[in-house]
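Asks: Residues per chain, in single letters:
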Amino acid sequence: KQEVTQIPAALSVPEGENLVLNCSFTDSAIYNLQWFRQDPGKGLTSLLLIQSSQREQTSGRLNASLDKSSGRSTLYIAASQPGDSATYLCAVTGSARQLTFGSGTQLTVLP
Amino acid sequence: DAGVIQSPRHEVTEMGQEVTLRCKPISGHDYLFWYRQTMMRGLELLIYFNNNVPIDDSGMPEDRFSAKMPNASFSTLKIQPSEPRDSAVYFCASVLGVEETQYFGPGTRLLVL
Numbered sequence: 003k004q005e006v007t008q009i010p011a012a013l014s015v016p017e018g019e020n021l022v023l024n025c026s027f028t029d030s031a032i033y034n035l036q037w038f039r040q041d042p043g044k045g046l047t048s049l050l051l052i053q054s055s056q057r058e059q060t061s062g063r064l065n066a067s068l069d070k071s072s073g074r075s076t077l078y079i080a081a082s083q084p085g086d087s088a089t090y091l092c093a094v095t096g097s098a099r100q101l102t103f104g105s106g107t108q109l110t111v112l113p
Numbered sequence: 683d684a685g686v687i688q689s690p691r692h693e694v695t696e697m698g699q700e701v702t703l704r705c706k707p708i709s710g711h712d713y714l715f716w717y718r719q720t721m722m723r724g725l726e727l728l729i730y731f732n733n734n735v736p737i738d739d740s741g742m743p744e745d746r747f748s749a750k751m752p753n754a755s756f757s758t759l760k761i762q763p764s765e766p767r768d769s770a771v772y773f774c775a776s777v778l779g780v781e782e783t784q785y786f787g788p789g790t791r792l793l794v795l
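Those protein sequence lines, which keep their order, are chains A and B.
Residue 22 in the working numbering sits at position 20 of the first sequence, with consecutive numbering throughout.
Residue 683 in the working numbering sits at position 1 of the second sequence, with consecutive numbering throughout.
Rather than coming from a laboratory, the hints here were simulated on the basis of the structure.
Heads up, some of the hints might be wrong.
[What the hints assert, rightly or not] Calculated lysine-lysine pairs in the DSS-like style (CA-CA distance at most 25 Å, straight line):
| # | chain 1 | residue 1 | chain 2 | residue 2 |
| --- | --- | --- | --- | --- |
| 1 | B | K750 | B | K760 |
| 2 | B | K706 | B | K750 |
| 3 | A | K3 | A | K70 |
| 4 | A | K44 | B | K706 |
| 5 | B | K706 | B | K760 |
| 6 | A | K44 | B | K760 |
[Claimed, not checked] Quick list of simulated restraints, FRET-style, between CB atoms:
| # | chain 1 | residue 1 | chain 2 | residue 2 | range |
| --- | --- | --- | --- | --- | --- |
| 7 | A | L13 | B | S755 | 35 to 41 Å |
| 8 | A | T28 | B | R767 | 25 to 31 Å |
| 9 | A | T47 | B | N753 | 22 to 28 Å |
[What the hints assert, rightly or not] Short, incomplete list of chain A residues facing chain B, as computed with Cβ under 7 Å:
| # | residue |
| --- | --- |
| 10 | G45 |
| 11 | L46 |
| 12 | S48 |
| 13 | L51 |
| 14 | Q100 |
| 15 | L101 |
| 16 | F103 |
| 17 | S105 |
Note that the structure is a prediction, hence the values are computed from the model and not measured.
Here a beta-carbon is modelled for each residue, glycine too, at the ideal position from N, C-alpha and C.
Could you put together the complete structure from these sequences and hints?
Replies: As structure tokens, then:
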């Protein structure tokens with residue numbers, strides 16, 4: 003059974019810092035990996051999707067990498083802003099088309 | 683497009699009552715997913731449909747839960763009878779093709795007293 007782990011569970015940084023969120027998964031047979039953002043009381047917004055054949059994806063200040071063989075992904079956020087404060091969720095799509103989520107990293111960017 | 687639409691946004695009910703959650707996926711999307719989010723268990727997939735056909739319902743917790751998709755633009759998740767442990771946020775998501783980005787609705791916050 004696929005298990006997805008995210009470290010750290012919570013992170014607090016001052017505005018302007020660069021930061022890295024980590025995601026690991028136990029079964030490397032994945033179709034893709036997605037990073038989502040969830041604001042309190044809201045739904046999920048997809049940030050980046052990396053196909054299993056890709057190594058990284060970039061969108062603005064966000065960069066996500068994927069090392070399928072080691073079962074790891076990182077989300078890099080450059081020049082963090084208070085508006086980046088949210089919970090970031092990593093999810094993998096497995097061979098059975100099932101999306102498995104990590105428990106998330108709660109990010110707080112202090113002004 | 684208005685995105686994935688869910689109703690109601692909030693539901694408070696008493697134990698034993700029937701609860702029906704509704705979802706309208708993005709037009710043209712051929713996959714629809716129902717998820718449940720709790721503090722204890724995080725986000726869990728309950729069931730998903732492809733072209734209105736249920737593909738995997740292994741995440742449905744009990745027989746009290748049932749889901750239908752009578753057409754490409756509408757799905758329901760029903761809990762009968764409801765119990766306090768069913769209290770959670772229920773999300774619906776849709777996608778065009780499994781390998782593309784899933785789009786989530788705003789969720790339904792269910793509280794069973």
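Asks: Need the status of pair K706/B, K750/B: alpha-carbon distance at most 25 Å?
Replies: holds (12 Å)
Asks: Mind checking the alpha carbons of K44/A and K760/B for me, to see if they're no more than 25 Å apart?
Replies: holds (22 Å)
Asks: Does the closest beta carbon of chain B sit nearer than 7 Å to the beta carbon of S105/A?
Replies: holds (5 Å)
Asks: Can the suggested window of 22 to 28 Å be confirmed for the beta-carbon pair T47/A and N753/B?
Replies: holds (27 Å)
Asks: A closest beta-carbon separation below 7 Å is what the hint needs, so does G45/A meet it against chain B?
Replies: holds (4 Å)
Asks: CA of K44/A to CA of K706/B, is that 25 Å or under?
Replies: Measuring from Cα to Cα gives roughly 17 Å; hence the hint holds.
Asks: Would the hint linking K706/B and K760/B be met if the CA-CA limit is 25 Å?
Replies: holds (15 Å)
Asks: So, F103/A near chain B? Judge it on the closest CB pair being under 7 Å.
Replies: Holds - the Cβ of F103/A comes within 7 Å of chain B, reaching about 4 Å at its closest.
Asks: Tell me if the straight-line CA distance from K750/B to K760/B falls inside 25 Å.
Replies: OK: K750/B and K760/B at ~8 Å, within 25 Å.
Asks: Taking the closest Cβ pair, is L46/A under 7 Å from chain B?
Replies: Where the cut-off is 7 Å and the nearest Cβ of chain B is about 4 Å from L46/A, the hint holds.
Asks: Once the shortest beta carbon distance from S48/A to chain B is found, is it less than 7 Å?
Replies: Since the shortest Cβ distance to chain B is 4 Å, the answer is holds.
Asks: Can you verify the interface hint for L101/A: is its Cβ closer than 7 Å to any Cβ in chain B?
Replies: holds (6 Å)
Against the hints set out earlier in the document, no violation occurs for any number.
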